[in-house]
Amino acid sequence: MAEDNKKTVYTPDDPRGLNEPFLPVAIAKQIDLPGNKNVSDAPIKVTGRYITKEYDMGTSRNEKIQAILNPLKSNKEKFWGLKGISFDVFEGDVVGVIGVNGSGKSTLLNILSGALVETSGRLVIKGQTSLLSVWDGLRDNLTGLENIRLKSLMMGLSNKEIDDQINDIAEFSELGKFIKQPVKNYSSGMRSKLGFSIAVHQDPDIMIIDEALSVGDQTFTRKALNKMKEFKAAGKTIFFVSHALGQIEEFTDKTMWIQYGELRAYGDTATILQEYKDWTKWYNQLDDDVKKSYVSARKQAQNDFNRTQLAERIAEDGHLDNNEKKKIVRDNEIGGRLSLLNWLLALAGTGIFAYAVYMYTYLGR
Amino acid sequence: MKEIWIVLREQIKYFPVILRLARYETRAKYKDHSLGILWDFINPVMQIATYWLVFGIGLRQGGTTDGVSYVGWLVIGQATWLFLNTSFMDATWSIRANVRQVSKMNFPISIMPTVRTWINVIPFVLTLAVGVLIAVGSGVQLTAHAFQFVYYFIAMLAFLHALGIFNATITVMFPDYQQLIQTIMRFVFWFSGAVIDIASKLGPTHGRIGRLIELNPFYYLIAGVRDSFLSTGWIWDHPSQNIAFWMFILVTLLIGSHLHLKFRAHFADLV
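The listed protein sequences derive, respectively, from chains A and B. Take the first sequence: its letter number 252 is residue 252 in my numbering, and every next letter is one higher. Count along the second sequence from 1, add 1000, and you get the number used in my numbering.
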């Protein structure tokens, strides 16, 4: 049995997969990818260097906490959602993000929006990001209008600012009378319309759109795309994730292709889409068992990835000096320990507390 | 020390957001109810009425407590207890329940416990006012003692902030903690002096145990609010009690703020 299992594991020199087109670039060469060139001399908006995300596959909560506290010691199974992704994005860039399901797209977007923290690497974002995801932040028992208000409040708008734009948002959403119905009665298309309408009225510098447009109908998608073109014309930076390659092609200038936690390609949309289509074609013509072993080998590589491998790869980088390399290899800090002064303060506080308790209980003062 | 200040500064900076969210939550909470916000008033009144029936009439505690009629004493204490207990318990799950939503929003998650406190402020003020009216109706004179309420209100906010940050952070990491707190609070209720003054019931023979009970922060705050409106004592009558209370706040706040800042970036991974 063990013998059989071994056979199904895919190795890079397995003849069945040898012809895979466009193997991912070496991790240290990502910064040389054409997508990182600043063609129009625009100010830089987002810089990512060797961003990783390690997920702990330990199921129990204690294991998770241990993993956060002491990532090096924990022996539990790991999964690297991102294996060190580097890229530059400039003001006015509209970046498409493509890749098969489970490739790490959502992880990257969540890190960009601040919902998750990267495990290691450096991420510099200049400006406010806003993540538009259809299923997020809408409360089922509130009506559309109330959800608009709540979400705007959460964005930090004042009541007056909300009053000023609430009608615009409601109108843009095309929900008509349904805007006064609880969101639980909405179809997925209606939710998407509402979510999108709220998000585009928040006016963030950097917009992150996560497959939001794929559920709306054609007419609304058109309208939304037009709205986003306005943003593009206004020089906003947009990340756009979609499986609809047509939308990516029409709307974005650059595209990142992320696969199995690696940045496979980053460059102008037409080229990357062609590569992606070629790759998909190649993949689809594989036999089922080859597909299976190919995917499981890639997933296994994400399991087996470790900090040593990361450090080795970063060491090959020609753009960073040694100091920076050292910094980037290290995990991002989990906040410091309690400082000595604070320990003393806590101890003194506890001491005074105990004395006061004694004074009151025994002496009644 | 720096940690305390960082978290506190967030509360101050985002105070308008806190109030707006609190107002909105209140409106959203009773959205499907025809009586709406009135329920925030009816519920405590019914609860207080129950205690009055049991302890005021049933167990003949009636007559006077601290020299004033039991009903006024009970309503003031119960109003304070309900405010503290509700805010305290709500704060405990506030971060856990909202972490996914809030981490994408434009404010720090540390304000979520505070939002829960401010949601309960208006019902508290209303019930407290009823209690004071009842007390005045039964012959209590409001004196300069009443100004002490300002101090005790600040003390309540400090208590709820410190414990809110601490409990909410721990609950994200260990959900069992919330159940534990819930169990403890059922117990604390009877020692908080909200419905019976257990310390004086113990009598002079168990003076020390009585005073030990009086040191719990809930008792301190409830007794303080009563002192303010029933003119039964001054803040400086019991210096050690004050010191114990504030030292407890300081240490909790220090550890709570530290843990909160240390782990908050990872909350989304833990829930």
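Derived from the structure by calculation, the hints contain no laboratory data. Be aware that a few hints might be false.
Computed, partial: chain A to chain B, Cβ under 10 angstroms [claimed, not checked]:
id, residue
1, Ile31
2, Leu33
3, Phe220
4, His243
5, Leu245
6, Gly246
7, Gln247
8, His319
9, Thr350
10, Gly364
11, Arg365
Built from N, CA and C at the ideal position, the CB exists for glycine as well.
Verification of the hints:
Restraint check, Ile31(A) versus chain B: the minimum CB separation of about 26 angstroms is more than 10 angstroms; hint violated. Interface restraint check: Leu33(A) against chain B, minimum CB-CB distance 28 angstroms, threshold 10 angstroms, status violated. Taking 10 angstroms as the C-beta contact cut-off toward chain B, the hint placing Phe220(A) at the interface is violated, the least distance being around 23 angstroms. The beta carbon of His243(A) is not positioned within 10 angstroms of any beta carbon in chain B (closest approach about 22 angstroms), and the interface hint is therefore violated.
Below 10 angstroms, beta-carbon pairs count as interface contacts, and Leu245(A) has none with chain B, the closest being about 27 angstroms; its hint is therefore violated. Here the hint on Gly246(A) is broken, as its CB sits about 28 angstroms from the closest CB of chain B, past 10 angstroms. Checking Gln247(A) against chain B: minimum C-beta separation of about 23 angstroms lies over 10 angstroms; hint violated. The beta carbon of His319(A) is not positioned within 10 angstroms of any beta carbon in chain B (closest approach about 27 angstroms), and the interface hint is therefore violated.
The closest approach between the C-beta of Thr350(A) and any C-beta of chain B is roughly 6 angstroms, which is under the 10 angstroms cut-off, so the hint is satisfied. For Gly364(A), the suggested interface contact is upheld, since its CB lies about 6 angstroms from the closest CB of chain B, less than 10 angstroms. This hint holds: Arg365(A) has a C-beta 5 angstroms from the nearest C-beta of chain B, less than the 10 angstroms allowed.
Hint compliance for this structure: hints 1, 2, 3, 4, 5, 6, 7 and 8 are broken, all remaining hints hold.
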